[in-house]
Amino acid sequence: EDQVTQSPEALRLQEGESSSLNCSYTVSGLRGLFWYRQDPGKGPEFLFTLYSAGEEKEKERLKATLTKKESFLHITAPKPEDSATYLCAVQVLNSGYSTLTFGKGTMLLVSP
Amino acid sequence: GAGVSQSPSNKVTEKGKDVELRCDPISGHTALYWYRQSLGQGLEFLIYFQGNSAPDKSGLPSDRFSAERTGGSVSTLTIQRTQQEDSAVYLCASSLYGATIKNEQFFGPGTRLTVL
Numbered sequence: 001e002d003q004v005t006q007s008p009e010a011l012r013l014q015e016g017e018s019s020s021l022n023c024s025y026t027v028s029g030l031r032g033l034f035w036y037r038q039d040p041g042k043g044p045e046f047l048f049t050l051y052s053a054g055e056e057k058e059k060e061r062l063k064a065t066l067t068k069k070e071s072f073l074h075i076t077a078p079k080p081e082d083s084a085t086y087l088c089a090v091q092v093l094n095s096g097y098s099t100l101t102f103g104k105g106t107m108l109l110v111s112p
Numbered sequence: 001g002a003g004v005s006q007s008p009s010n011k012v013t014e015k016g017k018d019v020e021l022r023c024d025p026i027s028g029h030t031a032l033y034w035y036r037q038s039l040g041q042g043l044e045f046l047i048y049f050q051g052n053s054a055p056d057k058s059g060l061p062s063d064r065f066s067a068e069r070t071g072g073s074v075s076t077l078t079i080q081r082t083q084q085e086d087s088a089v090y091l092c093a094s095s096l097y098g099a100t101i102k103n104e105q106f107f108g109p110g111t112r113l114t115v116l
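Here the protein sequences come in this chain order: P and G. Here the numbering used here is used: position 93 in the first sequence is 93, and no number is missing along the way. Here the numbering used here is used: position 103 in the second sequence is 103, and no number is missing along the way.
No lab work stands behind these hints, which were simulated from the structure alone. Each hint can be trusted.
Taking lysine-lysine pairs in the DSS-like style, the calculated list, with each CA pair at most 25 Å apart, reads:
1) G/Lys17 / G/Lys57
2) P/Lys42 / G/Lys11
3) P/Lys59 / P/Lys42
4) P/Lys79 / P/Lys59
5) G/Lys57 / P/Lys104
6) P/Lys68 / P/Lys104
Go ahead and model the full structure; you've got the sequences and the hints to work with.
Here it is, written out as structure tokens:
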């Protein structure tokens with residue numbers, strides 16, 4: 001069974017304190033790994049897609065990396081506006097089409 | 001252009017009543033997905049549409065749940081005889097191509113369903 005595990009469940013940082021969120025997965029036929037940001041009361045907002053081990057993508061203070069078993073979302077010098085829940089999802093092949101399997105997310109709180 | 005929209009944003013209903021949730025995908029997106037997000041849980045896949053067809057209904061929790069898509073655009077998720085365990089946020093997403101191609105899913109704001 002495909003599984004996606006995110007850690008930690010919650011993370012509290014001071015403004016400017018860099019850290020990383022982890023997403024480990026066990027799937028067959030990985031097609032891509034997605035990172036989303038979700039603010040309270042809103043739908044997930046797309047951040048990155050990674051397709052192969054060794055790939056990295058950056059956006060402002062965020063950098064996502066991928067290995068064969070896990071992905072990291074690095075947050076450099078975070079600001080309070082980076083506070084949100086970060087969701088990881090794997091896209092897998094399923095009977096001729098692909099679906100997303102999500103982790104439960106990491107709730108990030110950045111204090112000023 | 002406009003993103004994915006969903007209506008209503010909130011729905012409170014009594015146990016046993018039927019509800020309909022609506023999703024308007026991004027114009028031109030051929031694939032549409034429904035998910036359910038319960039408190040403390042991850043997003044749970046419900047159903048996927050390619051055009052008006054639903055190749056995968058395996059995520060629907062019970063036969064009280066059904067969905068349709070018309071004109072390759074608007075989709076409706078119907079829950080009959082609602083139960084308290086149906087309370088959750090129902091999210092809709094769309095993607096440009098079919099799910100067989102690597103592509104991003106864009107989400108709507110969700111409908112928060114509360115069954116009393």
